[in-house]
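**Student:** Taken in sequence, the protein lines are chains A and B.
In this text, residue positions in the first sequence follow our numbering: the first is 422, and each later residue adds one.
In this text, residue positions in the second sequence follow our numbering: the first is 0, and each later residue adds one.
Watch out, some of these pointers could steer you wrong.
[Unchecked claim] In silico lysine to aspartate or glutamate, DMTMM-like type, Cα no more than 20 Å apart, as pairs: (1) A/566 - B/444; (2) A/544 - B/142; (3) B/166 - A/481; (4) A/607 - B/294; (5) A/620 - B/111; (6) B/166 - B/298; (7) A/544 - B/111.
[Said to hold, decoys possible] Ranges of calculated distance between the beta carbons of each label pair, as one might list FRET restraints: (8) B/73 - A/477: 49 to 57 Å; (9) B/280 - A/689: 53 to 61 Å; (10) B/438 - A/525: 35 to 43 Å.
[Unchecked claim] Okay, the calculated bits of chain B under chain A, using three or more residues with CB under 8 Å as the criterion: (11) 160 to 171; (12) 350 to 362; (13) 439 to 449.
Source of the hints: derived by calculation from the structure; they are not laboratory data.
Small disclaimer: the values here were computed from a predicted structure and weren't measured.
Glycine included, every Cβ here is placed at the ideal spot set by N, Cα and C.
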Amino acid sequence: MTGIFRPESARQVADAVAWAAAEEEPLEVLGRASKRAFGRPVQAGQGLELSGLAGITLYEAEELVLSARAGTPIAEIEAALAEKNQELAFEPPDLGPLLGGEAGAGSIGGVLACNLAGPRRIKAGAARDHFLGVSAVSGRGEAFKSGGRVVKNVTGYDLCKLMAGSHGTLAAMTDVTVKVLPAAEKTRTVLLLGLDDDKALAAMTRALGSAHEVSGAAHLPAVLAADSEVSYVREAGGAVTALRVEGTGPSVEYRSAALRRELADLGESEELHDRNSAGFWQEVRDVQPFVARPECLVWRVSVPPQAGPAVAGALAQGQDALAYYDWGGGLLWLALPPSKDGGHAALRAALSGCGGHATLIRGPETLRAAIPVFQPQDPAMAALTARVKDGFDPRRVLNPGRMVAGL
Amino acid sequence: MKMPEPDATVLARRREIARALNAIVPGEGVIADRDELAVYESDGLTAYRQRPLIAVLPETVEQVSRILAYCNSEGIKVVPRGAGTSLSGGALPLADGVLLCMARFSRILDIDFANRCVVAQPGVTNLGITKAVESEGFYYAPDPSSQIACTIGGNVAENSGGVHCLKYGLTTNNLLGLEMVLIDGTVLRLGGKHLDAEGYDLLGLMTGSEGLLGVITEVTVRILQAPETARALLFGFPTNEAGGNCVAAIIGAGIIPGGMEMMDRAAIHAAEDFVQAGYPLDVESLLIVELDGPEVEVDDLIARISAIAANCGAVTSRASESEEERLKFWAGRKAAFPAVGRISPDYYCMDGTIPRHRLPEVLKRMAEMSARYGLRVANVFHAGDGNLHPLILYDANNPGELENAEAFGAEILRLCVEVGGVLTGEHGVGVEKRDLMGTMFSEADLAQQQRVKCAFDPDSLLNPGKMFPELHRCAELGRMHISRGQIPFPDLPRF
Ligand SMILES: Cc1cc2nc3c(=O)[nH]c(=O)nc-3n(C[C@H](O)[C@H](O)[C@H](O)COP(=O)(O)OP(=O)(O)OC[C@H]3O[C@@H](n4cnc5c(N)ncnc54)[C@H](O)[C@@H]3O)c2cc1C
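With the hints as extra help, turn the sequences into a complete structure.
**Tutor:** Written out as C-alpha cells, the structure is:
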C-alpha cells in the first residue's frame, strides 16, 4: 500500500471511491484495521480507513436503537450501552488477540462487515439480525442507503443483509443503525463435567430442545478446559459442557435448576454465577483457547449441530487437531498444526456430506493467498456472487480478492 | 394503479404458450380458461384485479426450472404466487404474465428435532409447520394473523411478522435455508441446517424480495420448544399518550414481552361488538401484553408490568387467570380486521412503522386527516415494534371513495416516513406502495436496489411492476460514466 485515505465525512468517502473507480485503482477498505489479518490478502495500492468516521449519532434506549458512524470503536458503543443496561445481543467477538493484535480495537462497521456473532447466536441471531439501516458508498463511488431505524421494515430489498458478511467488498459503509436490547438481569451457567464429545452433543441437544431458553451451549475438551481463567472450569479435571441461561432472577434460578435436574443422568454438574459465567463465555466468544497457541491455524466451521463431532473426528484423524464446540455443536472452532494446504482439502471433504462452511480465521498471509479462506462455491453460486459484486462494484476496486480470488 | 403495458405479441401467443407449458406440466396443471382464471385475479388487496394470461401449477422443482427457463427464453413475464393473501398486491397477476402457483408444493420434507429445524415445500402453510412439530412440543415462532392460509414461501418472500415477533423475530431471523430457482432455470441452494451464509447473505436478501429475485422451492426454518406457560395482561388507558408511555416504560425497564399490541378507541369498539372479548369501552387505548416462559418468570413480570401500567395511569388492568381467558383477551385483537369489516363495506389496511415515541403525534395527525378525507379510521398497532395498521373505512360503491381512501393511506405512509419510520413493516411494497418508494429512497438508493435485481433477473421478467416505481434497463443501470483522469486525486486526510 502506498498510502491510506482517512476520510472524515461520507462525502470524502465518496470522493475517494469515485477516484479509485475512475482510475481502476483498488482500495483496501478498513474500519479500524483490527481484522486486517482475516480473509484473503488484498492487493491494493491505497487504503481507505474509516476510523475518521467515528461517534454515536443517535441512541434512544427506550426505542432499542443506536446509530453510529461506521468507524466508531465497538468499545465506545458497548460502554454507552452498558450505561443503560443494554447490549448488542449478538455478542460480537473480539478477534483482536486471536489475530495477534490488541483487544478492544475493532469498529462497529468491521463487526457488521464480518457478520460476527458470539455464543448467543443460537438464541439472539448474528450481527445481520440486528442490522437495521446503512448508508454506504458503492464501488461506483455513489452514496446509497437501505433500511431505516425501525425493526419492522420490509421496504425494498434488505441490503443490510448483503452488507453483513461482505467484508467490505460491495460498499464502504459510512453510517449504520443497529437494534440494541436490554442486558439480562441475571446469568447462570450449568457445567456438566467429564462428557465425551458425543455425550456432550446429546446434552446440548436436550438443553436446546427444552423450553429453558438456553442462550449458550458450548463444549470444551479437557485439554482446553484446563487453560481457562475461570477456576471452576480450569480445575474441573476433564471436559466441560456449558449451558447458559439468562433473564430475570427467579426465572434464571428456576431454569438452571431445571436443567441440572433434567440432565442429572449425565453425571455431575456445577454452576457458574454472574462474573465467572461472563468470563467463561467471553473466552468461548473470543476463541481464547487458541490465542495462546499462536502457531496453530484456526478454522471456524458452521455445521448442522448434529454433525459437529463427526466433522471434528474426521479432521482429528492422523493429526494434532484441537477442537471445541459452540452453538450447541453447530460451531466448531478448530486448531490445526501448520501445513501446506492448511487442512483445507480435508475440511471441505468432511463438510461435503453434511453441509455447512469453513472459514480460515487465522493463518499466515501466504496460506491465505494460496487456499480458499471462505467456503468455495459451486459454479452457479459463484456466478451469481460475481454478478452481485458487479452490481455494486463493477470495476472491482473495493477489497478485491478479500473473499474470493479475482473478485 | 398503472401496470406495465401488456405486450400484445405475448397476449396473441396465449394458446401456444399454454401448449408449451402443458408439455412441462401435463394435465390440469395449466389453466388457460378465462373463467377458471377468475379465482386468481387478485390477492389479499382486493381493490386491484387482473386475470393472468395463464396460470401454471407445477409439482416439482424440475418443472419450475423448465417453466422459468422457457419464459426467460421467450421473454414472458412470471408472477409467483403462494396462497394469495398478500396485502400489497405482490401476487397481483399481469395480463401478459404467467402466474406461477406454488400451491402444489405442499409437503413437509423433513422434521429434524435434533437439529431443531423443518424442511418444507413453499406451499406448506405457516400453521402447517407448527402442526407438524407440536406433538413434540415444538412450534414455528413467526405467526402472521393469516397463518392458517398463508404459505411459508409467501412468508419468506414478504418477510412476514406476527404478534410474537417482538421477542422471537421475523421470518428472516428464523430462516436457515432455501432452495430457489432463478429466471434462467438455475437451481440454487442457500444455507441449510447450519447457521449463517458462506458468502454474501443471499438468504437474507431473498427474504422480503417479494418474488422479484427468484422462485422459492424449498424452505428450512428453525423451530423452538414452546414456552411452559403464557399469560396475557389487558390494560386500558384514558389517552393514547398514556398507552404509548406505558409501552416505552415496559421496554425501558428491560422487559421484552412475548407480544405487545395496542388498539385505539375505534378498533376496541369494533372488536368488542364483534366478539365480546370483554374490552373496556370507556378507554381511548387498549394494550395487550403477553408474557411467556416458566411460571415464576411470568408471575414476576406480571407483577412488575402491572405496577408500571398503574404508574402510567391505566384505568383498566386485568391479568388472564386461565388459558380461556388469555385467548379471550386476544380474540378481539385477532378479529380486529373482520370486526372492522363488519362496520364498513370495505376497509383498506395500512402497514407503516414509526419510532414508537412518535405514536401520539401520528395518531393525532391521522385523526385530522380522517376529518379532512371524511373517512373513518381504526388503528391496531404492533406496539412493541412501532408497526401501525390503520384500517381506513370506505365504501367502494361510492364513486371516488376508493381513490379517496388510497390518497388518505398514502398520506399516512408519508407521515410515517416523515417522523423517521418506513412505508411498510411487514406487508411489503407490492403494487400498493410502489409509487411511494421515492418518499423514502433517493434515485441513487433505488438504482442500487435495481442493480441487485439485475444480478438475478437481467430482463426484469419476474414480478415486474412491483416494488419499483420505474423499470430501468440493466444495461443503463450498469453503465459507468467516468474514466481515467476525469476525477482529481481526492484531497483528504492521509497518513
Ligand atoms: C387477514 C390477513 C391477515 C394478515 N396478517 C398478517 C400479519 O399478521 N403479518 C404479516 O406479516 N402479514 C400478514 N398478512 C399478509 C400475508 O398473509 C403475508 O404477506 C403472507 O406471507 C403472504 O403469503 P402468501 O402465501 O399468501 O403469499 P402470496 O400473497 O401468494 O404472495 C406474496 C408475495 O410473495 C411472492 N411469492 C409467493 N410465493 C413465492 C415463492 N414460492 N417464491 C417466490 N415468491 C413467492 C409473490 O410473488 C408475492 O410477491 C395478512 C393477510 C391477511 C389477508
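**Student:** Does each hint hold? Answer for all of them.
**Tutor:** Against the structure, the hints:
1. A/566 - B/444: Holds - the C-alpha atoms of residue 444 of chain B and residue 566 of chain A are around 6 Å apart, at most 20 Å.
2. A/544 - B/142: Answer holds: residue 544 of chain A to residue 142 of chain B is near 18 Å, not above 20 Å.
3. B/166 - A/481: This hinted pair holds, its Cα atoms lying about 19 Å apart.
4. A/607 - B/294: Holds, because 17 Å separates the two Cα atoms, which is no more than 20 Å.
5. A/620 - B/111: Holds: residue 620 of chain A and residue 111 of chain B sit about 19 Å apart, inside 20 Å.
6. B/166 - B/298: Distance ~18 Å between residue 166 of chain B and residue 298 of chain B Cα, so the pair holds.
7. A/544 - B/111: holds, 18 Å
8. B/73 - A/477: 49 to 57 Å: For residue 477 of chain A against residue 73 of chain B, whose Cβ atoms are near 54 Å apart, the range 49 to 57 Å holds.
9. B/280 - A/689: 53 to 61 Å: Given range 53 to 61 Å: holds, Cβ gap about 59 Å.
10. B/438 - A/525: 35 to 43 Å: holds, 41 Å
11. 160 to 171: holds (count 5)
12. 350 to 362: The restraint on the segment 350 to 362 of chain B holds, since 5 of its residues have a Cβ under 8 Å from chain A and three suffice.
13. 439 to 449: This one holds; 9 residues, not fewer than the three required, reach chain A with a Cβ under 8 Å.
In terms of the numbered hints stated before, the structure departs from none.
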